[in-house]
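Trainee: Sequence:
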Amino acid sequence: MPDAESLIRYHELLLFMRAHPHSARVLKLTKQQLNSFRTRVEKLEASGADMGAFADPSVSGIAGTSVTDTFGYDIVRWLADRHPNEVKFDWDWFEDDYRIAERWPRFMPLLEEDAFVEANVPYVEWLRRARGRERELPWLMKRFEALRLTDKEKAEAYNPQKLYVNWTPADSATRTLMQLPVKKVFFHRTPLIQRRDVFLRGELEKPAPEIKRLSPSQGQRILELARQTSTMRYRELYGFTHGDPRRVLQAGLGRGVELFIFGVPAARRLPLRAYHAAMIFKNGIPVGYFEGLSLAERMESGFNFYYTFREGETAWIYARILNVFRELLGVTAFAIDPYQIGFENEEGIQSGAFWFYRKLGFRPVNRDLLQMTKREEQKLATRKNYRTPAPTLRKLAVGSMIFELDQDKTGDWDNFQVRKVGLAVQRRMAQRYGGEAERIRAEAVRKVRARLGLRGDPEALSDFAVVLDSIPGVGGWSVEEKRSMVQIIRAKTGADETKYLKLMQNQPRFRAELVRLGSAR
Numbered sequence: 001m002p003d004a005e006s007l008i009r010y011h012e013l014l015l016f017m018r019a020h021p022h023s024a025r026v027l028k029l030t031k032q033q034l035n036s037f038r039t040r041v042e043k044l045e046a047s048g049a050d051m052g053a054f055a056d057p058s059v060s061g062i063a064g065t066s067v068t069d070t071f072g073y074d075i076v077r078w079l080a081d082r083h084p085n086e087v088k089f090d091w092d093w094f095e096d097d098y099r100i101a102e103r104w105p106r107f108m109p110l111l112e113e114d115a116f117v118e119a120n121v122p123y124v125e126w127l128r129r130a131r132g133r134e135r136e137l138p139w140l141m142k143r144f145e146a147l148r149l150t151d152k153e154k155a156e157a158y159n160p161q162k163l164y165v166n167w168t169p170a171d172s173a174t175r176t177l178m179q180l181p182v183k184k185v186f187f188h189r190t191p192l193i194q195r196r197d198v199f200l201r202g203e204l205e206k207p208a209p210e211i212k213r214l215s216p217s218q219g220q221r222i223l224e225l226a227r228q229t230s231t232m233r234y235r236e237l238y239g240f241t242h243g244d245p246r247r248v249l250q251a252g253l254g255r256g257v258e259l260f261i262f263g264v265p266a267a268r269r270l271p272l273r274a275y276h277a278a279m280i281f282k283n284g285i286p287v288g289y290f291e292g293l294s295l296a297e298r299m300e301s302g303f304n305f306y307y308t309f310r311e312g313e314t315a316w317i318y319a320r321i322l323n324v325f326r327e328l329l330g331v332t333a334f335a336i337d338p339y340q341i342g343f344e345n346e347e348g349i350q351s352g353a354f355w356f357y358r359k360l361g362f363r364p365v366n367r368d369l370l371q372m373t374k375r376e377e378q379k380l381a382t383r384k385n386y387r388t389p390a391p392t393l394r395k396l397a398v399g400s401m402i403f404e405l406d407q408d409k410t411g412d413w414d415n416f417q418v419r420k421v422g423l424a425v426q427r428r429m430a431q432r433y434g435g436e437a438e439r440i441r442a443e444a445v446r447k448v449r450a451r452l453g454l455r456g457d458p459e460a461l462s463d464f465a466v467v468l469d470s471i472p473g474v475g476g477w478s479v480e481e482k483r484s485m486v487q488i489i490r491a492k493t494g495a496d497e498t499k500y501l502k503l504m505q506n507q508p509r510f511r512a513e514l515v516r517l518g519s520a521r
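Residue numbers for the sequence shown follow the working numbering, beginning at 1 and rising by one.
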């Protein structure tokens, strides 16, 4: 290959064929070619070729290359623990002395003498003297680990330093050769399933595949793969960074596709929404990820198929994933955030994300945008070779979209945003308590305990208390409604969030109040 662009293109074609092989011979040949890639990259670099194309996030992670970024504390700690010989600080990118001056004196005696009053402090030299024979990055991470702070507080101390970390992964952890062992490869001897062949409502109504729970050790192994493939693509997904290895589920979607679903431990859960992330493997190759944020029967879904695989049955896989979550969580309304379809996201505009979801049956919740959509559909139907211009796609992307399986509840969630719930609570608390956070929580907890007859202090109580304190008439709810509300609060920090969601789906009073709070203008 004469240049970086050609070699990258060849790599991506091979990787696609590795995930979608036509035969055992094709599979064998693609494996052989991919195994040679570190050598190919090294030879190209030695020839003096421009290697800048390998730094593009859309193709990062090829064998023989590295990634450099200001990764968050949890990911850097994980890299230092699992890949200590492959990571280092990249001081060429370093740019913020002030943040270091605030933190490193905790680890290095007399550094204040230099950092607090001198200019051009040689922080890297201080670090190199302090670490002795130990590598810089693991040494510094151990110092942060030793701080008497919570993990969240350690992250708050580390992240503002904006330290660039370079990771040169071993071949087995690169996109080129990373794979999950599979017992049976699915060979594509017939054409791929196209988007026009996918009927979303029909797929959602089909029986879901078997969902099984992995052992903690199996869950940890899958979580490691998810973190690796996400980090090398410059993405830090909350559910991979903080996933709970004890709560990893597996579902075989068919056609060589395996879905692994991660929950998060109670200490990392969101105040109201249930959080789940999923990694998607095709014939053992990671091809994309999914993120679901659920409240009652509504799920906000984030779906990303990696560039290399976007021509590979994407719509069918997406439909099967929603089918699994419908079965697992009882969700029936699937919302798409504007960012997913291109709002302030040029990748979404270029990929035509709006039409991907629209052609599956999603509708814009804004009436004006729905009318604009129908006009565009008319143009597409009557004008040969017409394509929606990018400026029009940007206009269509400013509003959310939704697909509702339960048509009796159509429109219930059209104007809902969980952010509105939070803002409504802030406004009410400021009016009543002057915005003093601790006083707000304490007073809300006291009232809610009295109104619900709640005994004890469940971990989730303070978050629910400030919401319930903003709902008029809670004290007048029926005994059964109050009892179910107590069960919901306790379930939020239970073994997983499935029970929490299903209890909420069966508490129409609370669901209706949440919709009202989150739909107010």
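Hints in this document: simulated from the structure, not taken from any laboratory.
Treat the hints with caution; some may be incorrect.
Unchecked claim - As a list, the in silico PhoX-like pairs of lysine-lysine whose alpha-carbon atoms are at most 25 Å apart:
1) Lys-184 / Lys-154
2) Lys-31 / Lys-88
3) Lys-142 / Lys-31
4) Lys-374 / Lys-499
5) Lys-420 / Lys-502
6) Lys-142 / Lys-162
7) Lys-395 / Lys-206
Since this is a predicted model, take the numbers as computed values, not measurements.
Trainee: Confirm or reject each hint.
Mentor: Now for the hints, and whether the structure bears them out:
| no. | hint | verdict |
| --- | --- | --- |
| 1 | Lys-184 / Lys-154 | violated, 44 Å |
| 2 | Lys-31 / Lys-88 | violated, 30 Å |
| 3 | Lys-142 / Lys-31 | violated, 39 Å |
| 4 | Lys-374 / Lys-499 | violated, 39 Å |
| 5 | Lys-420 / Lys-502 | holds, 23 Å |
| 6 | Lys-142 / Lys-162 | holds, 17 Å |
| 7 | Lys-395 / Lys-206 | violated, 35 Å |
The structure fails hints 1, 2, 3, 4, 7 (numbered hints given earlier, in ascending order).
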